[in-house]
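Visitor: Chain order of the listed sequences is E and H. Start counting at 1 in the first sequence, then tack on 199, and there's your number in the numbering used here. Start counting at 1 in the second sequence, then tack on 3, and there's your number in the numbering used here.
Worth flagging that the hints you see were computed from the coordinates, not collected in a lab. Some clues are possibly wrong.
Said to hold, decoys possible - Pairs of lysine to any residue, SDA-like flavour, derived with a Cα cap of 25 Å:
(1) H:Lys65 x E:Ile666
(2) H:Lys65 x E:Asp558
(3) H:Lys60 x E:Ser549
(4) H:Lys60 x E:Asp558
(5) H:Lys65 x E:Thr475
(6) H:Lys65 x E:Leu557
(7) H:Lys60 x E:Asp660
(8) E:Lys649 x E:Asp660
(9) H:Lys65 x E:Lys637
(10) H:Lys65 x E:Ser549
(11) E:Lys637 x E:Leu594
(12) E:Lys637 x E:Val599
(13) H:Lys60 x E:Leu557
(14) E:Lys637 x E:Lys649
(15) H:Lys65 x E:Ser393
(16) H:Lys65 x E:Thr609
(17) H:Lys60 x E:Thr224
(18) H:Lys60 x E:Ala377
(19) E:Lys637 x E:Thr609
Claimed, not checked - Per the computed footprint, the stretches of chain H lying under chain E, defined by three or more beta-carbons under 8 Å from a beta-carbon of chain E, are:
(20) 39-52
(21) 57-64
Note that the Cβ used here is the ideal one computed from N, Cα and C, for glycine as well.
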Amino acid sequence: MDRRIYGVETEFGVHYSHPGARPLTPEEVARYLFRPVVEWGRSSNVFVSNGSRLYLDVGSHPEYATAECSTLDELVAVDKAGEVMMQRLIDQATERMAADGFTGTIYLYKNNADSAGNSYGSHENYLLNRRTEFRRLSEALIPFLITRQLYAGAGKVVAPRTGDADPGTLDRDRPDGAHFAFSQRADHVMEGISSATTRSRPIINTRDEPHADAAEYRRLHVIVGDSNMSETTQLVRFGATDLMLRMIEAGTPLGDHQLENPILAIRQVSHDLTGTAELSLRSGQRRSALQLQWHYLEQATAFVERHGAHHDRLDAVLDLWERALDAVQRQDSTGIDTEIDWAIKQRFLSRYADRHGLDWDSPRLAQLDLSYHDITPGRGLFTLLQSRGAAARFLDDDAVRQAVDTPPATTRATLRGRFIQAAREAGQAYAVDWTHLKLSDRPLLTVATKDPFQTSSERLDELLRSIPSADRTPAEGRQDGDASSIHPV
Amino acid sequence: MSQQYSGSRSEREEDVPAPDPVPAPAGGSAQGTTTDLDSLLDEIDSVLETNAEEFVKGFVQKGGQ
């Protein structure tokens, strides 16, 4: 597909700290966090006016699912906008909790693991043509997803092994001592491909909810990724994955690199910063993560030469992909340590460790690892690094702020955003999901938006005209909008 | 800005300047962000809560998806 719908769902970790005081459970804190959402939408599961979804998920994780995006700029901006919304929820909850006598500190982490080994996800959605045979697609894609941590990994300080290495276990190849690894998520992935999410945590989840015409499209749900803080890391992660999908959709032969044991391989890759650990293929051959990724990059570059660039960030994607592999190969990350999450994090933590004479088993480094993912500006390590120029970006604060209030213009999310805004301004009860817009008192006029690329709808215009106070153009409506009523946060 | 966020290190809060809105460079650290990183290395302890081990262990929750 030349234009693809992308989305990413992020589960945030909740941490309330108040040394010496009664601890609050994540559930209690999450309830405080979502109180403004419930007051706004009478539910803890709402669509907000930028077209995205905000909700409390399994295990009381605040979750944010981006609206449908069709460019990488939109996707990263809308994802970052979710962090802004979460911060507003933190600010409000902090006030309310203080009024109730809870004066500790709320931390929300955009990461993938707590200290007890629980994991939560960053789930990517890619719209695919139904014509592409799914089995062939997943066979070709899984070795890529297992090895892309070389540039998509968020980095992790790994605690020392507690027992003896058991040769039968999946982590038999990891070092015994504390160390730095590429990925947050790799150690928690339990299956290659499955319909489960919580129980077995596969790489690709087969749940096929295209939220679109199912005869034409299907959804690819990738749940193996780390949550990224860095905009540039997100660019190469989503951009390279899209290129792989384009090649597979076009029938480009990519070779058979199916892995003998995908979940062992993903751990081998994560715990080997040299990128050279040999992974066993089903064919009996062995390949390193670097070899596989160089191969995919070469194929992608040739593919783009043959078919042309399909978006204007493609050069940046290919360039960073190449520099990241080169950095791993040369074992010198100075060329990517403002652009790739694991390298940005490793650079700062290594410098800190050197200065204070710490080893990787120091709790302070584990704390800094968490701090990197703390979304609060001026406190979270990544936000501090970015404000000092030690983490690069390709968007700016204005683009992110705009994405908080404005849906992506290139997809049906723009219809959803317009509808929510108009309905709220007029004080009308409404219901929306990914494919429907409904005013509660006009159910027969419900607008179905089956085509995710649709950006205008006569039926929606008609529905909005039926609201007395909403008969104005969308642009005016947006300017006139009362932010306090069209937004929960 | 930092004081509302830092935990129990109130005596050091004044030391932390608000982050400057410096535009980020393209390319890696080779292009020169060492000085900024040095100052952040000096300041980071004042935004972290003091008992690292207790702090990290205190972050536990149910698994998500």
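Visitor: Give a verdict on every hint.
Guide: The hints, checked one at a time:
no., hint, verdict
1, H:Lys65 x E:Ile666, "44 Å, violated"
2, H:Lys65 x E:Asp558, "29 Å, violated"
3, H:Lys60 x E:Ser549, "22 Å, holds"
4, H:Lys60 x E:Asp558, "18 Å, holds"
5, H:Lys65 x E:Thr475, "35 Å, violated"
6, H:Lys65 x E:Leu557, "30 Å, violated"
7, H:Lys60 x E:Asp660, "53 Å, violated"
8, E:Lys649 x E:Asp660, "16 Å, holds"
9, H:Lys65 x E:Lys637, "35 Å, violated"
10, H:Lys65 x E:Ser549, "30 Å, violated"
11, E:Lys637 x E:Leu594, "34 Å, violated"
12, E:Lys637 x E:Val599, "28 Å, violated"
13, H:Lys60 x E:Leu557, "19 Å, holds"
14, E:Lys637 x E:Lys649, "14 Å, holds"
15, H:Lys65 x E:Ser393, "21 Å, holds"
16, H:Lys65 x E:Thr609, "37 Å, violated"
17, H:Lys60 x E:Thr224, "14 Å, holds"
18, H:Lys60 x E:Ala377, "16 Å, holds"
19, E:Lys637 x E:Thr609, "21 Å, holds"
20, 39-52, "holds (count 9)"
21, 57-64, "holds (count 8)"
Against the hints set out earlier in the document, violations occur for numbers 1, 2, 5, 6, 7, 9, 10, 11, 12 and 16.
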